[in-house]
Structure formats: C-alpha cells, structure tokens
Amino acid sequence: DTGVSQDPRHKITKRGQNVTFRCDPISEHNRLYWYRQTLGQGPEFLTYFQNEAQLEKSRLLSDRFSAERPKGSFSTLEIQRTEQGDSAMYLCASSLDYRDEKLFFGSGTQLSVL
Amino acid sequence: QKEVEQDPGPLSVPEGAIVSLNCTYSNSAFQYFMWYRQYSRKGPELLMYTYSSGNKEDGRFTAQVDKSSKYISLFIRDSQPSDSATYLCAMSPITQGGSEKLVFGKGTKLTVNP
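These protein sequences, in sequence, are chains L and V. Going left to right, the first sequence walks through residues 1 to 114 as my numbering numbers them. Going left to right, the second sequence walks through residues 1 to 114 as my numbering numbers them.
Treat the hints with care, as some may be off.
Said to hold, decoys possible - Stretches of chain L that chain V covers, calculated by requiring three or more beta carbons in the stretch to come under 8 Å of a beta carbon on chain V:
(1) 16–27
(2) 40–50
Stated by the list, open to error - Over the 10 Å line for every Cβ pair with chain V, so calculated as not near, a few chain L residues:
(3) Glu56
(4) Phe74
(5) Asp86
(6) Ala93
(7) Val113
No lab work stands behind these hints: they were computed from the structure. The beta carbon of each residue, even a glycine, is placed where N, CA and C say it ideally should be.
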C-alpha cells in the first residue's frame with residue numbers, strides 16, 4: 001500500500017498525559033498536512049510542512065501541540081497535557097508539491113481523552 | 001458566516017436515484033474545488049477535482065462549479081448503496097506561494113437504501 005499511513009489508528013489516554021502520532025506520507029510527496037476532525041464537522045487545518053519546513057500553523061494549534069517533520073519524510077504530532085477537548089480524529093494528508101492542490105489523506109488517528 | 005457552507009443532511013435516497021449535493025462559499029479567492037467521500041471511521045478520499053467553472057464528469061459523478069454564484073455541486077447518477085458515506089466539499093485559494101490549505105464544508109451524510 002503506497003498511500004498515507006498513520007499510526008496508531010486509535011489512542012485512548014487520560015487527561016494530562018502526552019500523546020504522539022506518526023504520519024508517513026506518500027513517497028516523494030513534499031507537502032504534508034495535519035487536520036483535525038470532530039464529530040459532524042469537516043476537517044480543520046492545523047499545520048503543514050514543505051519538506052522539513054513548517055510553513056503555517058493554525059490558531060487551533062495551541063502551545064500544547066507540536067509537529068515535526070525531520071528530514072522531510074515522516075511527521076509526528078505531539079499533544080502535551082491532553083484535555084478532553086482534544087478528543088478528535090487527527091488526519092494527515094500529503095500532496096506532491098506546492099503546485100498540487102490535491103490532498104491525499106490517511107485513515108486518521110482517533111484520539112479519546114478520558 | 002463560515003467560509004464554506006454545506007447542508008449536513010442527513011440525506012436518504014432509494015437505490016438508483018440521482019443525488020445532488022451542494023456547497024456555497026464566500027471567499028472569492030477560492031479557485032480550486034474538490035469533493036471528498038468519507039466512510040465511517042476512515043479518512044477522506046478524493047473523488048472529484050476542478051478549478052474552472054462548468055461541469056466535470058467522471059463515471060457516475062459530475063462536479064459543477066459556478067464561480068459567479070459561489071456555488072458548487074456534486075451529482076451522483078444511479079446511486080448505489082456503496083455510495084452511502086459523508087461527502088465533503090473542499091476549496092483552496094491560489095496564492096503566490098502556490099497551493100494553500102483546503103477549507104472544508106461540514107459534510108453531507110448520504111444513505112442510499114437498497
């Protein structure tokens with residue numbers, strides 16, 4: 001399977017714990033995006049990378065959230081001191097480069113904060 | 001007013017019906033328009049992509065864009081139970097930096113009854 005891969009698929013954690021998600025984009029895709037989706041809503045943009053550079057962060061991304069993309073390949077999204085409001089599906093997507101608007105999504109990581 | 005408005009439904013139709021899904025938007029900078037299909041607990045899957053006003057057809061699916069009215073539609077002919085999913089419209093502006101983040105509608109939940 002050469003699609004976008006996300007790990008884990010599901011994560012249950014207690015409030016206050018830290019969690020980290022991983023995304024492996026489609027090979028040779030330079031852009032990588034993180035979105036968050038809550039029940040009954042469309043995905044909302046969090047941040048994106050062009051290779052290893054983080055180019056934009058949404059105001060939704062509080063200082064408890066940090067994303068990295070070392071070496072421009074896979075990416076990690078870490079949430080520190082999780083809150084119940086962080087419960088959502090975290091989606092990763094990739095696109096070929098800045099000229100390509102078509103995003104290809106992974107299956108997401110469903111986070112539940114108890 | 002949200003940038004992208006989409007009726008969340010739910011929409012229930014009999015098998016074989018023609019389905020019409022719609023979105024309106026307020027940002028005239030949006031130039032790229034996409035429709036994604038999302039099955040339960042899965043990531044969005046790109047269905048249709050267009051950047052000009054008019055119609056684009058792909059099998060049973062037709063995407064229509066009317067930039068003057070800021071209105072886009074997705075038509076599904078001969079709908080099948082396997083089409084049951086949430087359909088998300090998504091849009092992106094053009095900037096000097098190239099493609100930007102997608103802005104999604106809330107999604108319309110469609111059920112096709114056998």
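Hint check:
1. 16–27: Since 0 is below three, the answer is violated.
2. 40–50: holds (count 7)
3. Glu56: violated, 7 Å
4. Phe74: holds, 17 Å
5. Asp86: At roughly 18 Å from the nearest Cβ of chain V, aspartate 86 of chain L sits farther out than 10 Å, so the non-interface label holds.
6. Ala93: violated, 8 Å
7. Val113: Correct as stated: the minimum Cβ-Cβ distance to chain V is 18 Å, above 10 Å.
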